[in-house]
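Visitor: Sequence:
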Amino acid sequence: MMSYLPEGHLINSEKNTAALSSPELFKKAYTEGEALEARALYCDREHNLHIDLGFIHGIIPREECAIGITDGTTRDIAIIARVNKPVRFFITDITDSDGQKTAILSRKAVQEAFQNEYLPTLKKGDIITARITHLESFGAFCDIGCGINALLPIDNISVSRIPHPNARFRVGDDIRVIIKDFDEFGRATLTHKELLGTWQENAEAFRVGETVSGIVRSVESYGIFIELSPNLAGLAEYTNSVYEGQQTSVYIKSIIPEKMKFKLIIVDSFNADYPFKKPEYFFEGEHMDYFRYSPQNSEKIIETLF
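Residue numbers 65 to 370, in this note's numbering, belong to the letters of the sequence shown in order.
Keep in mind that the hints were calculated from the coordinates and are not lab data. A quick note: this is a predicted structure, and the numbers were derived from the prediction, not measured. Heads up, some of the hints might be wrong.
[Stated by the list, open to error] Think about it this way: if two alpha-carbon atoms lie no more than 20 Å apart in a straight line, the pair counts; the simulated EDC-like pairs of lysine to aspartate or glutamate are:
no.	residue 1	residue 2
1	Lys-187	Glu-301
2	Lys-257	Asp-237
3	Lys-92	Asp-108
4	Lys-342	Glu-200
Assemble the whole structure, with the sequences as input and the hints as a guide.
Guide: Spelled out as structure tokens, the structure:
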């Protein structure tokens with residue numbers, strides 16, 4: 065069965081490694097239509113991708129590098145950007161010219177298989193693995209399988225607001241995402257914040273009277289929002305010389321579940337570059353129909369219905 069995981073998940077697998085080191089197993093993958101992965105070595109002047117297959121030269125012709133190249137809906141920069149990265153492909157031919165064997169490959173065919181065979185099986189609320197491919201101010205683009213990208217909008221990344229997706233992710237990160245919706249063209253939109261826990265689940269890690277760490281996420285005239293965890297923020301009184309993005313130590317003055325409020329006092333704020341933390345997931349299932357962030361006794365209901 066073909067793997068529909070994001071590109072890069074197969075390249076170091078035992079089966080893939082064996083196929084790229086054995087002419088017999090490579091030919092078997094060809095005859096059985098098995099998808100393989102290898103690193104793109106370079107892109108030539110005609111925008112064909114040349115692939116590192118070890119014992120045989122591999123090439124993905126320009127039109128076979130991705131869906132949309134032929135009709136112009138995908139730009140050639142998408143081909144160039146694959147250089148030195150894993151690509152997934154089917155072997156479509158093995159040629160022999162003057163004793164030089166060449167494997168003709170198609171990444172487009174793998175992507176078409178993903179769109180025709182796997183994507184239609186996904187529904188809203190399904191939870192899948194995705195890999196961050198690039199970050200923009202408005203969201204993170206994720207490979208949801210075989211190099212097919214979907215958008216994770218910035219507002220769907222976490223409950224705590226962030227200035228840019230790079231506050232949460234790095235390119236190449238593997239994350240879990242939920243299918244939020246599909247547009248008229250069948251493209252998926254993703255969400256992530258529902259996996260990071262409810263207000264109550266996050267609040268249970270803290271107690272009144274503790275001094276804890278936080279990050280300044282917003283400085284307003286009426287107060288300063290401090291992120292205690294990606295899905296939990298509290299409000300501290302306004303203090304001079306505190307800036308967005310600073311690390312803080314904050315005293316927890318009170319916790320009010322019915323109002324979803326943490327009242328904080330800033331003990332100190334400072335600039336620091338701490339190691340990047342991977343997301344901590346509170347939900348480990350494969351599908352979510354409903355998510356309620358707010359506590360049952362909350363005056364405000366914050367929920368997601370898939």
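Visitor: Each hint should be assessed against the structure and marked as holding or not.
Guide: Outcome of the hint check:
Taking the CA atoms of Lys-187 and Glu-301, the gap is near 44 Å; set against the 20 Å cutoff, the hint is violated. Under the criterion of a C-alpha separation no larger than 20 Å, the hint pairing Lys-257 with Asp-237 is consistent with the structure, at around 16 Å. Restraint check for Lys-92 and Asp-108: the C-alpha separation of about 28 Å exceeds 20 Å, so the hint is violated. In summary, the hint linking Lys-342 to Glu-200 is supported, as the alpha carbons are separated by about 19 Å, within the 20 Å threshold.
In terms of the numbered hints stated before, the structure departs from hints 1, 3, listed from lowest to highest.
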